[in-house]
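Turn these sequences into a full structure, and let the hints steer you where they fit.
Residues 386 to 571 (my numbering) make up the sequence shown, in order.
Since the hints were derived computationally from the structure, they do not count as laboratory data. Even for Gly, the Cβ is constructed at its ideal location relative to N, Cα and C. Do not rely on the hints blindly, as some may be mistaken.
The following label-pair restraints were derived from C-beta to C-beta distances [stated by the list, open to error]: (1) 410 <-> 389: 35 to 45 Å; (2) 519 <-> 542: 15 to 25 Å; (3) 386 <-> 505: 30 to 40 Å.
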Amino acid sequence: MLYAQVHLTLPAWVHEHVDTSASYAGDEAKVALAIDLSRRNVLARSGGPFGAAVFGPDDRIVAVGVNRVVPHATSLAHAENMAYMLAQQRLQTPRLNDVLKPVTLATSSQPCCQCYGATIWAGIDRLLIGARAEDVMELTEFDEGPLPADWIGELVRRGIQVQRDILRDAARSVLREYGESGGDRY
386 MLYAQVHLTL
396 PAWVHEHVDT
406 SASYAGDEAK
416 VALAIDLSRR
426 NVLARSGGPF
436 GAAVFGPDDR
446 IVAVGVNRVV
456 PHATSLAHAE
466 NMAYMLAQQR
476 LQTPRLNDVL
486 KPVTLATSSQ
496 PCCQCYGATI
506 WAGIDRLLIG
516 ARAEDVMELT
526 EFDEGPLPAD
536 WIGELVRRGI
546 QVQRDILRDA
556 ARSVLREYGE
566 SGGDRY
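What follows is the structure, encoded as structure tokens:
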């Protein structure tokens with residue numbers, strides 16, 4: 386028998402912790418939420434050390450995501466992908482900025498090669514990043530995969546603004562704690 390559906394969920398603590406009515410003005414506030422999600426995900430043992438949030442033009446949350454690869458046994462359940470899928474379902478569109486503009490993704494760590502591709506197709510206008518890929522690979526056992534040499538330039542050419550190193554030390558702290566605890570690979 387073939388499976389005919391996929392069911393991915395966020396951990397229950399997300400619904401108790403995230404205030405979707407709050408406004409997250411400023412890039413630091415948005416990335417701080419993503420880092421907090423990553424930290425809580427590790428503490429709750431509900432997935433890997435990654436968090437992401439999609440914001441609309443009013444600085445309010447459209448959707449959030451945390452890494453759920455191991456709990457759901459799928460390599461696609463990265464924090465960014467979870468946030469994109471949930472935002473797309475909420476807005477009923479595969480391309481978010483067809484409905485809202487601008488759309489911002491805040492992520493605790495630089496998107497891996499998989500999430501980089503998803504970022505291009507999800508309809509994101511702004512990408513806010515905490516830790517860098519080299520931080521992830523230095524502090525954990527994750528392999529972030531190959532990106533174009535000028536990956537930022539490729540995003541900018543597609544109309545996606547990129548801001549890196551926002552609260553980088555705080556994001557690195559979560560990765561360090563996860564790596565030192567011997568966390569799962571995903």
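Quick rundown of the hints versus the structure:
1. 410 <-> 389: 35 to 45 Å: Since residue 410 and residue 389 have Cβ atoms about 43 Å apart, the given range 35 to 45 Å holds.
2. 519 <-> 542: 15 to 25 Å: Holds, since residue 519 and residue 542 (Cβ atoms, about 23 Å apart) stay within the stated range.
3. 386 <-> 505: 30 to 40 Å: Holds - the Cβ-Cβ distance for residue 386 and residue 505, about 35 Å, lies within 30 to 40 Å.
Going through the hint list in order, the structure satisfies each hint without exception.
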